[in-house]
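Number of protein chains: 4
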Amino acid sequence: MKDTGRVEAFSDGVFAIAITLLVLDLKVPTQPPLLAGLLAQWPVYAAYLISFLFILIMWVNHHWMFQHIVRVDSTFMLFNGLLLLGITVVPFPTNVVAQYILTPEQNVAAAVYNGWFFVIGVFFNLLWQYASRGGRLLSKSDHEAGLAQIITARYRWGGPGYFAAFVLSFIWAPASLALNFLLAIFFALPREMSYPWRRAAKS
Amino acid sequence: MKDTGRVEAFSDGVFAIAITLLVLDLKVPTQPPLLAGLLAQWPVYAAYLISFLFILIMWVNHHWMFQHIVRVDSTFMLFNGLLLLGITVVPFPTNVVAQYILTPEQNVAAAVYNGWFFVIGVFFNLLWQYASRGGRLLSKSDHEAGLAQIITARYRWGGPGYFAAFVLSFIWAPASLALNFLLAIFFALPREMSYPWRRAAKS
Amino acid sequence: MKDTGRVEAFSDGVFAIAITLLVLDLKVPTQPPLLAGLLAQWPVYAAYLISFLFILIMWVNHHWMFQHIVRVDSTFMLFNGLLLLGITVVPFPTNVVAQYILTPEQNVAAAVYNGWFFVIGVFFNLLWQYASRGGRLLSKSDHEAGLAQIITARYRWGGPGYFAAFVLSFIWAPASLALNFLLAIFFALPREMSYPWRRAAKS
Amino acid sequence: MKDTGRVEAFSDGVFAIAITLLVLDLKVPTQPPLLAGLLAQWPVYAAYLISFLFILIMWVNHHWMFQHIVRVDSTFMLFNGLLLLGITVVPFPTNVVAQYILTPEQNVAAAVYNGWFFVIGVFFNLLWQYASRGGRLLSKSDHEAGLAQIITARYRWGGPGYFAAFVLSFIWAPASLALNFLLAIFFALPREMSYPWRRAAKS
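Chains as they are written, first to last, in the numbering used here: chain C, 1 to 203; chain A, 204 to 406; chain X, 407 to 609; chain P, 610 to 812.
Hints are computed from structural coordinates only; laboratory data are not their basis.
We treat Cβ as the ideally placed atom computed from N, Cα and C, and that holds for glycine.
One should not assume that every hint holds.
Straight-line C-alpha distance at most 27 Å; calculated DSSO-like pairs for lysine-lysine [claimed, not checked]:
id: 1; chain 1: P; residue 1: LYS636; chain 2: A; residue 2: LYS230
id: 2; chain 1: X; residue 1: LYS433; chain 2: A; residue 2: LYS230
id: 3; chain 1: C; residue 1: LYS27; chain 2: P; residue 2: LYS636
id: 4; chain 1: X; residue 1: LYS433; chain 2: C; residue 2: LYS27
Quick list of simulated restraints, FRET-style, between CB atoms [as the list claims (entries may be wrong)]:
id: 5; chain 1: A; residue 1: TYR333; chain 2: P; residue 2: GLN738; range: 46 to 54 Å
id: 6; chain 1: A; residue 1: THR233; chain 2: P; residue 2: LYS749; range: 54 to 62 Å
id: 7; chain 1: P; residue 1: LYS749; chain 2: C; residue 2: LEU49; range: 34 to 42 Å
id: 8; chain 1: X; residue 1: TYR451; chain 2: P; residue 2: SER750; range: 50 to 58 Å
id: 9; chain 1: A; residue 1: ALA356; chain 2: C; residue 2: GLY134; range: 28 to 36 Å
id: 10; chain 1: C; residue 1: PHE181; chain 2: X; residue 2: LEU508; range: 44 to 52 Å
Just chain C, same shape as in the assembly (with noise of 0.2 Å):
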């Protein structure tokens, strides 16, 4: 039942096309003068940083949890499809957020980027269950080393944090971006420390 080789190799195919299309929404101003006109379009470089890196730490999550599974089961692949859905159209919102940043309309905007981020936060901690309860696609020494529990201690804060930027979208939207910003970096530091099991796990 292992085969856990070929659902990485599309799943990175998946993330790297996803991440690299964004630049697609960056689009060359039409009108003199050049310089204004690519300095206006700041919004799109902010929304482009925040979902480039939003990816980015997705698929090193990712190759961290596939890190320990060893195994992979159907279900397991829909999982990942419903993870890789919510990837693949990350473009689309860090679009309409860069359009509509700056517009009256920049609460519906912001709710609708956040608020997709959230949708992917769910189904990556869909993902996560369902490999690690009980062990289920473990392996034998990750589990008795509750190696488990320690990633989902770790992934519990992304839902509630995205949520938390989900909510404050409404209210003041400029702001509920910079808390999905900080929400990145959080996620992207380095955890050597806090990993120190992962000499343990296989290589």
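Following the hints, put chains A, X and P in place on chain C, whose structure we already have.
Quick look at chains A, X and P alone, frame taken from chain C:
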């Protein structure tokens, strides 16, 4: 003659890109109000969802198929190329149905969409038939276990199912899309129960 | 110095993306009636089909080539890069021919299309010549078996074939595209029979 | 802690997609005469060529770098992510320079283009510095052989080179692009001669 690795890698790449390019069909509304504009696009989202699910399931099945194939030849690679041709085109009929499903031309749009899925199903069966006929490209143990017949039996429903959706397009377009969606769900169902022989398959 | 794996992986990625990006040339008709609009685009579909087949076959040949190459060096990677440059550009002349083949400018469009394929053929032969000349990057057994000459003989027809299509473009554009299509079919034909030595190749 | 495989695979995917997406900047002329329209776009082709070469060379160097790296950690993955961020954005400044190089705004356009390449060069050096400082992520034998210093010396020219191109943009835009092109050629030159130690590197 054995060299399935790179064929799988190339196919994975094509599946991953096609499934991610679907997002380019999602356009940001250009006129306020934003929320109304986003909600009015629901057919686009529905088409996105069905196409995403369809490509994902085709990938999962392609993946299972390769678990039993132990060598490739040039003819197989051509049939595989035909299947990939079908998959890469999917964003186009998806866009057609998304733009026309709420217009008087919905029957033509649904027929194009369901008809293309039918064609892909035919390509998929051609590929599997070529690989499994007489155990041509299977491992000896899989062949002797009668595996080919079991899988063939399962895939048998794809052709008639999508053909029925195609015919239904001309009568009642929304129902034909619903049938298409149900077919995807059916093929997505975990097959742990129906695939007891998988434990004996090549690892 | 041996490290063909990542070069193959990168090349596979480029081939897979280029072949999938072709779909972006397929545009949904904006005015009813839909069916007539779709049918009127047949040159777009024809160009799509030829280009898809061409890239697929280039990939298959690239794949066979790497079955005999056991090491890479920087010069080889540059030649490989040239080939990839040729492949990534394909969606552009495809679009040119699709939009202009039914206009009075069909000769220029066909010449651009066939001419570019000729250039790619030259790049492909440069790559193969560099790798095989004196058995430079081949395994010793392949070299001694005279494999290089056999393959070189086969590829020999690519250059003159596409050049003929290029010249024909100025005289009779539709025929030049038909010739291009026939060349793709020729190179796509299974070579089980003509490659008896393959069984002895590196696995 | 060793797991360079998937980082390489993901990076390869991003490089491959970014290099292929460049083709979307090539637009088919909408008005006859076709030939004149195609020729008038020469700045687009020139920008395409330089950017393609640049990404290709960054990939080749990334590839060499990983031949000496035997483990990754989270910090390294973040620096690698920064580099990938730089690479994925390349189609955007390419488009800027293509559209504005023949206008009075050519200096701003060239500065954006060369400036972005300079930023990528900085990211690349950060990544290499982090990996090689004290032999952190290198194999012991590579570290002891003083490999890091040799490579560092070679990469040293990237930063000042692209910075010079950036400064030159404001004085003489076409020359700055020519310098950029020459830098790519310089880094593309085969390094068989200058890398005698490579034979001893990890296979």
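Verification of the supplied hints:
no.: 1; hint: LYS636(P) <-> LYS230(A); result: holds, 20 Å
no.: 2; hint: LYS433(X) <-> LYS230(A); result: holds, 14 Å
no.: 3; hint: LYS27(C) <-> LYS636(P); result: holds, 14 Å
no.: 4; hint: LYS433(X) <-> LYS27(C); result: holds, 20 Å
no.: 5; hint: TYR333(A) <-> GLN738(P): 46 to 54 Å; result: holds, 53 Å
no.: 6; hint: THR233(A) <-> LYS749(P): 54 to 62 Å; result: holds, 59 Å
no.: 7; hint: LYS749(P) <-> LEU49(C): 34 to 42 Å; result: holds, 37 Å
no.: 8; hint: TYR451(X) <-> SER750(P): 50 to 58 Å; result: holds, 56 Å
no.: 9; hint: ALA356(A) <-> GLY134(C): 28 to 36 Å; result: holds, 33 Å
no.: 10; hint: PHE181(C) <-> LEU508(X): 44 to 52 Å; result: holds, 50 Å
Checked against the numbered hints given earlier, the structure satisfies every one of them.
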